[in-house]
Amino acid sequence: MLFRLLALSLALVLMLFTGGCWDQREVETLGLVDGMALERGAHGQIKVTLQILNSRAISHSAGAGPVQGIKAYQNFSAQGQTVDHALTMLNRIIPRRPFYSSLRLVVVSEDLARERDLRELLDFLTRSREVRRNAWFVVSRSPISRLFDENTPLSMTPSSQVEAIMHKSELSGFYAVTPLSDVIKGVAAQGSSPVAAGLVVIRSAFQAPPDMEARHVMLPEPFQSIVLSGAAVFREGHLAGWLNEEESNGLLWVQGKRGGAIEVPTGNSMTSLNLLHSRAAVKMGKTGGQPSIFVRIDAETVVGETDSTITLTKDTDYTELEQGAGRIVQKEVGAALSKALAGYRSDIFGFSQVVHRSDPKLWKTIKDTWSDQLPQLPVSVEAHVKVTTSGLTSKPLLDLH
Amino acid sequence: MLEGGRISEAELIAMMMYTVMGTAFFFLPAVAAAFAGRDVWLTPILAVVAGFLVALFTGYLSSRFSGFNFFNWTEIILGKTGGKILQFFYVLWFLHVTSIIVNEFVYFVRIAFMPVTPPLVFSILLLILTGVAVYGGVEMIGRLAIVYLPVSIVISMGITLMAAGLYDFANLTPILERGIAPVLAGTFPPAGWRSEIFLGAMFFPFLKRPEKAGWVLFRADLWIGFLLLVDALSVTLAFGDEAARLTLPVYSLAREINLMHFFQHMEALVLIMWFAGIFVKVAAWEYATMLGMAQWLNLKSYRPLVLPGSLLLAAVTNYDMPNVAILTHFLASVTPFDLMLFTIVLPGILVVLSLVRKSLNPRRVKRKGFPGKNVVADPG
Amino acid sequence: MSGFFRFGKTRDKEGPVSGSPPEERPDFREDELARVPVVRDLDQNLARLREIIGASYDAVFRRFRVALLDGLPCAIIFLDNMVNTADVQDTVLRPLMFESTLAGHPGGRDPLQVIRDYLLGVPETMAIRNLAELFTYLMSGCVILMIQGEEMALALSLKAYPQRPVGTSEIEPAVRGPREAFTENIAVNTSLVRKRLKTPNLTAESLTLGTVSRTTVVVMYVRGLVDPKLVAEVKKRLTRIKIDAILESGYLEELIQDNPYSPFPQLGNTERPDRIAAALLEGRVALFTDGTPTVLWLPVRFTDLIQVPEDYYQNYYFASAIRILRFFAFWMAIALPSFYIAVITYHQEMIPTRIFESIAASREGIPFPTVVEALLLEAATEMLREAGIRLPVLVGQAVSIVGALILGQVAVTASLVSPQMVIVVALALMASFMLPTYNTGLTLRLLRFPLMIMAALWGLFGLMGGLFLILMHMLSLRSFGAAYYGPFAPFEPSGMKDTFVRAPWWAMTLRPRQIAKENVRRQQPDWLARPGRDN
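Protein chains in written order, with my numbering: chain A, 1 to 401; chain B, 1 to 380; chain C, 1 to 535.
Treat the hints as calculated values from the structure; they're not laboratory data.
All the pointers check out, no bait thrown in.
With the C-beta cut set under 10 Å, the calculated list includes, among others, these residues of chain B facing chain C:
{"id": "1", "residue": "Met114"}
{"id": "2", "residue": "Val121"}
{"id": "3", "residue": "Phe122"}
Just the calculated beta-carbon pair ranges, DEER-fashion:
{"id": "4", "chain 1": "B", "residue 1": "Ser63", "chain 2": "C", "residue 2": "Lys195", "range": "55 to 63 Å"}
{"id": "5", "chain 1": "C", "residue 1": "Lys229", "chain 2": "B", "residue 2": "Val151", "range": "32 to 40 Å"}
{"id": "6", "chain 1": "A", "residue 1": "Phe3", "chain 2": "C", "residue 2": "Ala55", "range": "47 to 55 Å"}
{"id": "7", "chain 1": "A", "residue 1": "Gly256", "chain 2": "B", "residue 2": "Pro150", "range": "33 to 41 Å"}
{"id": "8", "chain 1": "B", "residue 1": "Met157", "chain 2": "C", "residue 2": "Thr199", "range": "47 to 55 Å"}
{"id": "9", "chain 1": "B", "residue 1": "Ile128", "chain 2": "C", "residue 2": "Pro352", "range": "29 to 37 Å"}
{"id": "10", "chain 1": "B", "residue 1": "Ile128", "chain 2": "C", "residue 2": "Gln420", "range": "29 to 37 Å"}
Partial list, computed: chain A residues near chain C (C-beta under 10 Å):
{"id": "11", "residue": "Arg25"}
{"id": "12", "residue": "Leu30"}
{"id": "13", "residue": "Leu32"}
{"id": "14", "residue": "Ile58"}
{"id": "15", "residue": "Phe99"}
{"id": "16", "residue": "Glu130"}
What you are looking at is a predicted structure, and each value in this text was computed from that prediction instead of being measured.
We treat Cβ as the ideally placed atom computed from N, Cα and C, and that holds for glycine.
Modelling step: build the complete structure from the supplied sequences, incorporating the hints.
Encoded structure:
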């Protein structure tokens, strides 16, 4: 009996020492991947760039910024037939083991997005057990090398800078920023297409991003900065085109995510209304056996600033503002609808889902020709904007004399 | 004496809940959604029927021959040789199902957590632990189940609640888009799993009032149905159509939780729940296997069988199911019928036979005893 | 020099240090002594006694004569410093030697009877017939009175041991509640409990254990509340003990516990009388050991290990919250370092990104893998802790400062350990001290090490497997018939009022069922006066 016990214990102890701890990874051997970029490589291959965080650069005293003198990140690139192939190639040059759980940003260059199908490009990301779906997805209008090699004193790496911008935009409702999960949902649903935010790197003074007019943004010189610019519209997994600022706003209205402010022309100048909430209800109706879409948009605003002679003390002033705002909303949504549906024939608003849910039988009959029929899809928009308060003062300063 | 322990009704319910939900909680939405799509949440409701049938049959047999377990009933109703033959098939079936469960566990771990470690490590670790539990007897397993049940429920409900931000009720519509037939097809796997509460029929003699055992199983079935409903609903609400594509829906759900940017990466909780659930489930099945084997061979105690039995299980597990596609296919298509054959059809036949015998021969059979005494009543 | 190298030659020609040659004295065994009776001849008795203990310097032999009985020769024998010599003088010597004023001459009556019934002022006297009994009393501090011509001697209880006064509990301090602690004197200890439970049903039975130490052990219980089978079992196990000495209650604990191989304590121990009183009220049995302030109580369950008497005195909301915290502390003490190791080494994706970045940064220069780092730190903290206990107070301060500095600050700066690991280990250590009984903390710290190894080998699975093994062990433990993991398994709903939360006293109407068995009702439910109901 005692012998058996001894033998068993010996076997167990030996097992301890011969076991290999196969999945053991010491933390310092991991390379935290902050950002991943896909662009067109030579000979029709995909070039993958990984931005890996240099943990030595993180200061011990828990600051957000990097330690001075050490570059906080390093970029590695490799090419391959598929994304996974390229990643395997990367193993030859990266001294650490890539760790994707902290991946914040997935960037696809514009030319690759036009050329290749998004569904192929993203397959790796959906399968991997490390990648999280709340990473941000963007399309870059500038070369990746410029994007990934930024000097970003406020953030650790360019990827985290972009992430911060995206997060802030999500909260404040500028631009159609999309996390990876939304992109995957968009590609997966039949009939719908995803939309993604666009990025551009602006260098030197007074250059305006392509979607904006120069009066909106003026950057001091010399300066290089990453700017959100426009929304990328996809069709059948390929990049079809871009939405400019106004059209992106329209998209946000339909998604119910618009934030920021509406500029309403009043009298000779403008009144700015700050949006508190915005909601959109999309319903389907049938006209003569064909579907039509009704969109109703509700928004609640307060007066942020006015530089006109509108007095804001009378009820009718508010009504006038509301109507003016409503027209702006209609304009923006109309712009978005015409560009996306008619111009690109891409249903980025999710109308296909609405039809599918409301009338599955009808959907079955039209789903194959849905995207072709998009330009003819009747969409009516109703906008109700409410202006509730006007801040701490009522009459504008201009009116005091 | 094969087993001197006693368990309470609550403990039996807890054991049965783990017996089913140890795996069903994690696999159900995926497997059933492959058939039923978005309407997968209906399947746990419909699958109550399977559990109900099991409870009905075994409950009747237990009230008639109380104090005996399923293996005894086979001998009572079919005679000694017939019983032994049937028991042989049941022992093989127990062994097979247990090894499938261990395989499910091993695959889950390898997909989600540690891909490089050889699968044998996980199966051996698990089997050592369950071997200790089985050695401790039915009381040990019952206590483990009931001690851990509140934790499991809190964690699973917690995950469901925390994921509420991801829910989109529009994902449920259109309801029954393709009609009721796919839903029914999708109900088969969950029904098969629900009928696993048949395992309780091996434990009936350890209750204080075995004649009420049918009701105990029924209550267990209802609880399981409720929890699986919540499970399927939450997965569907969060993922919609995509649920069918995911191999491990609850795990993916837990990964998506992001509350206030602090409660992230909750998959550790899923791992804890999973490990404990599988552990109790395998312990219960392994115990039934050992007990059944001991009864079949008319042994005095099942304990000497534990070590060789575990080795056998490890071997079978290792050679079975070489890749996950086979496993999933097996679980979706073969398992329901395999399970329901042994848990519903055969007991149903036994019930019918016993009724027939009773009507033919009005002398009543009533003898109290435990599997340990290997009392086989004379059917007359 | 020549003495230095005398390796093999250990036989000393000289005697021991005292200089006088050691007497060749056989040791006297009890059964031999029992066969030697007290004889009538006083001198013979005294000679025998001198033979046995004469060499001890504190053995006092005093011959005298009783005046009243015509100068009957007597002698008292006692051990100096174990008796109250003032009392010896007043109650024995003086009445016998001088103040024999008795109305009327006893004449014709048995001298022993006269002495015992009329002259001796001692409260307690016992009769002795043989030397075994004699020495039992003599070595315990009684005074032995031998009378010429009598076959019986008397033992007079006039004990006065040197002892500590009743002080405050150092190991189990409390903010609210009595501060009294047990001392090394068993009589004092039993009386500390007696004054709290003044019922005649409080029974204290004494036993003598240990062939050399002859330690008095007292079994205390409340008759009517306790299960008689439990008392019988305790006594059975105690009487089965055959050991040379019981120096501390820990000996008893190991000798009578249900499972001798388990690291978990199966008997409770405390040095506070109020805890013992509470335990007795629940139908438990207490064991006092002479010579130690640690009193044992049984049966004990897992939940008792994380309960403190103060819980019952403080506000119950607060007590419930602290109990929950303590419960977490229990698991933290066992599992926290292992959890950290497992997650850092195998499951990095579970860590929120920010924390992960800082961990990666801190681990940059460290030469050890995480496991080794953890084990080193743990070993170091255990060494510190142990050293802190052993050091004299004067030195302790300096060493603890140095230890904290070296361990905490310098090790981190020198990149030997990472700051996160220091925090983890420190937290776990604190958690183990949060538990009321010191020995529970020891168990937890001990169990931490195998868990760390398992976590290092198999990640979270190793950890969970280890925890389950511990859980299964606890589930199979019994403490004198009560299941260790109750009231969870088997489930006892009324017990839930006293585990994670502490229900107010008016709600705790039942005693723990597993322990009190039959006498479950503590108080009538629903008697509490509430506004609007009773007036």
